[in-house]
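Start from chain H and add chain Y according to the hints.
Protein chains in written order, with our numbering: chain H, 1 to 491; chain Y, 1 to 219.
Hints listed in this document are in silico derivations from the structure and should not be mistaken for laboratory results. Don't be surprised by glycine CBs; every beta carbon is placed ideally from N, CA and C. Check the hints yourself; a few may be wrong.
[What the hints assert, rightly or not] Simulated DEER-style distance windows between Cβ atoms:
id, chain 1, residue 1, chain 2, residue 2, range
1, Y, K65, H, R366, 30 to 38 Å
2, Y, T171, H, A430, 38 to 46 Å
3, Y, E127, H, T294, 47 to 55 Å
4, Y, N195, H, E306, 26 to 34 Å
5, Y, R143, H, E301, 27 to 35 Å
6, H, R366, Y, T69, 34 to 42 Å
7, H, L362, Y, N195, 41 to 49 Å
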Amino acid sequence: MIFNSIRWRVQAWHSVILVLVLAGFGFTAYHVARDNQLRRVDQELEQHFILLFRPQPMDSPPAALRHGGPPDPAEILAHIRGAIQRAARFDATQANSFYHILWSTNGNVAARSPGSPMDVPYPQLARSPAADFSNAGEANVATPPAPARPFPGQPSLARTRKEFREVVHVGPFDDRLLVGRSMAADLASMRRLAFWLVIAGAAVLGLGLAGGWWVASRAIRPIEDISATAAKIAAGDLSQRISLTDTENELGHLAGVLNSTFARLESAFNNQARFTSDASHELRTPVSTILLQTQTALSRERPSSEYQETLEACQRAAQRMRQLIESLLALARLDAGQELLRRDECDLSAIVGRSIELIRPLATHRGITIQTTLSKALCRGDATRLAQVSDNLLTNAVNYNQEGGEIRISTANAQGMVTLIVTNTGAGIAAEDLPHIFERFYRADKARTSNGGHSGLGLAITKAIVQAHGGAITARSEPGSRTTFTVSLPV
Amino acid sequence: MRLLVVEDEPDLRETLKRALRENGYAVDGAADGKEGLYKAETYEYDAIVLDIMLPGLDGWELLGKLRRTRKTPVLMLTARDNVPDRVRGLDGGADDYLVKPFDLGELLARLRAVIRRSASQADSCVEIGEVVIDTAARVVTQRGVPVVLTPREYSLLEFLALHQGEVVTRTALYEHLYDENDDSLSNTLDVHVSNLRKKVGHDFITTRRGHGYCIEPRA
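In isolation and in its complexed conformation, chain Y is listed as follows:
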């Protein structure tokens, strides 16, 4: 999952990025509204953490412009907690709202929720056949037995599972699993897919040659 953090206060931005990376997200940062809008329009993010008070272009303006082209889930961060501001944010296209100062645990839970909702997945546990992916605990089990995955393998499995039945292109996988600072080679993706197949079964992920990868929905 790849996130964008738009926050002008450098300490808070870097802390947020670090905390989110430690929780398995690929994270990009933007220090002002213009940079944030550019990145949000250019890359495929799974969610955007957006501060309202920004230099250049404030959070509301950014959201208004972004919604013309993209439906990326947006979680707004704000220091103002009065109702009109919250209503304005939600009506302006924000998916959720968090008031500063916030708890890291709550931020992570809300991010998982908006990402899940955007994938039309109501439950935090995704069941595909014998494999159960608990997105809250970031734990995968097969027939009740835990499967040990690296963070990258988990992210790959989670992304494919949230888009089950769809063919996910390699480009999309790169976009969503690596942030702008990763300079991984294209074959590392194949390595991760192959390792994942070894752990959850070869048929679990099918390859559509020339298109990408897919997890077929199972009962």
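For reference, chain H alone in the conformation it holds in the complex:
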């Protein structure tokens, strides 16, 4: 599914947030602009009101205002009518067509400017009883939008009716004076604003989505690299590595960790492949011998002595294969940790003593002297396996020694460890070979030793057994004089 992809999920969240932010912002901007527009229209209306009802120099003010006596309604009404007619004339020259309506106290239309809509309802606005012409007090019905007030102390009202905006004031004689104008032009400009807000919002959304996609793709790309490399490795090409362009970020660290994992995997795999190839190589030569021997022997009738020779050669080859197979199995078991080693109390010096007795005839045959310093060395371990360790080390010490050489064997118990040290006076191991001698099938001379019988696994098995006991084995060599193997086991 496409929506399971991280990139698509990031993109979906990103677009939802972007749409919400843009919508909120656009909505607010629209409303602020609309309020401002209304306020401006209201101010305009109020100014018009003042302009309209301000006493004109050429007019004679109403008598009541002049004398301070009670106003004469008829006079004032006439004054207002005059004002409305003047305004109508003035308005005719203006783009914004204002209209004016005057209602007398009883709600009848007393005067109406030409062009005013006919369906304007009578504004329900009560006259403030406390207020008077001369008494300035705050209105309590509605707050007039404009600062200048034509009739201080009297309530006023601003309203929107269809596309019209109207301001109503309560006049001095409980009459109602209305100034209104059409807002068609303003509404059109608000619609334009809304249109452009939507366009701009869509553009920002588009840009935001494109940017988000780009950022998400950039963030995902290393993951795609990693995934592609891992796929190639899974397909069998273990030499592949993730190319590290930016090692500082989290994915760079991940790629580094993966690369080192791949490297270890490759080396383990190569070791395994080499081991298998070496093992098959070791098996091929004895099989060749058997094949060749039997095919030659069977090619014609032979004296029985020749058959005996053939059988002996075949037996030697088969013995060699058996030895190799046993070694391979032992290693495989130790590798897999399948073989549960016994943990018995055993004395390493006694085990080594028995190995010495086994090896002594061979050593005597080659004129090699054995010197021992065996002190009691108790440890916990598998006596059979530990015997294999000492047998291997002693056999090597004899085989790689010179005629008439010397072997020194010692066991000790010191510092919480049990040690076995075997030193021989053979030709030694070259410094470049020393780190590899515990590797499987590693041979310093790169070929089988001429006396045969050595699988090239002896030291590898020895090391595996020692490690399975939680111990360590090391080799030191001074080429030309002596070689020392040291095994240390925990008590």
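Frame of chain H, contents of chain Y only:
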């Protein structure tokens, strides 16, 4: 035909030598690379069977050094059968390649093939006039009638036939027909030549006095 077997595993080497001797070859053995290189450079072998894993000097190194001086056909024996190893062996100057464990029959056939190729002879049957030498079956016929030859006589005839038109010196014949363990007297060669002439005709092998023997090519 004289062969050199370079193989470090003693049982395999001795078995190979015995099997090849029984098939009419004179065979020398070498247990390591240095001995193998020395013998290969010193004697005229018709082919060398070379193991790759050798102590001292491995098969590839031996081959590299040998190719500076000699073109002796080399059949490599190896336990490794991956392609890069085979390519390396063939590019390094080996003429053929056989993976252990191998079949004796295949080894013999491949040896005959490399020896034949080195003598620029494509067919395993060599025809000289009325005489046909089947090198695969080691059988000689004259006008369709089998000629009974001892192994030594056959080897002598085969060597001369593969080098027909060339004068083969007595030294060369000794080098190619006897291995290092034979201590035959020089006149035994003349005895074999004379016996061979009795069986396939006196004019078949001509003697170039002071030089050696020769089989002239015939239609």
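Checked hints:
1. Y:K65 with H:R366: 30 to 38 Å: 34 Å, holds
2. Y:T171 with H:A430: 38 to 46 Å: 44 Å, holds
3. Y:E127 with H:T294: 47 to 55 Å: 36 Å, violated
4. Y:N195 with H:E306: 26 to 34 Å: 28 Å, holds
5. Y:R143 with H:E301: 27 to 35 Å: Between Y:R143 and H:E301, where Cβ atoms are some 32 Å apart, the hint holds.
6. H:R366 with Y:T69: 34 to 42 Å: Cβ of H:R366 to Cβ of Y:T69: about 40 Å, so the range 34 to 42 Å holds.
7. H:L362 with Y:N195: 41 to 49 Å: At roughly 54 Å between Cβ atoms, Y:N195 and H:L362 fall outside 41 to 49 Å, so the hint is violated.
The structure does not agree with the numbered hints 3, 7 stated previously, though it agrees with the rest.
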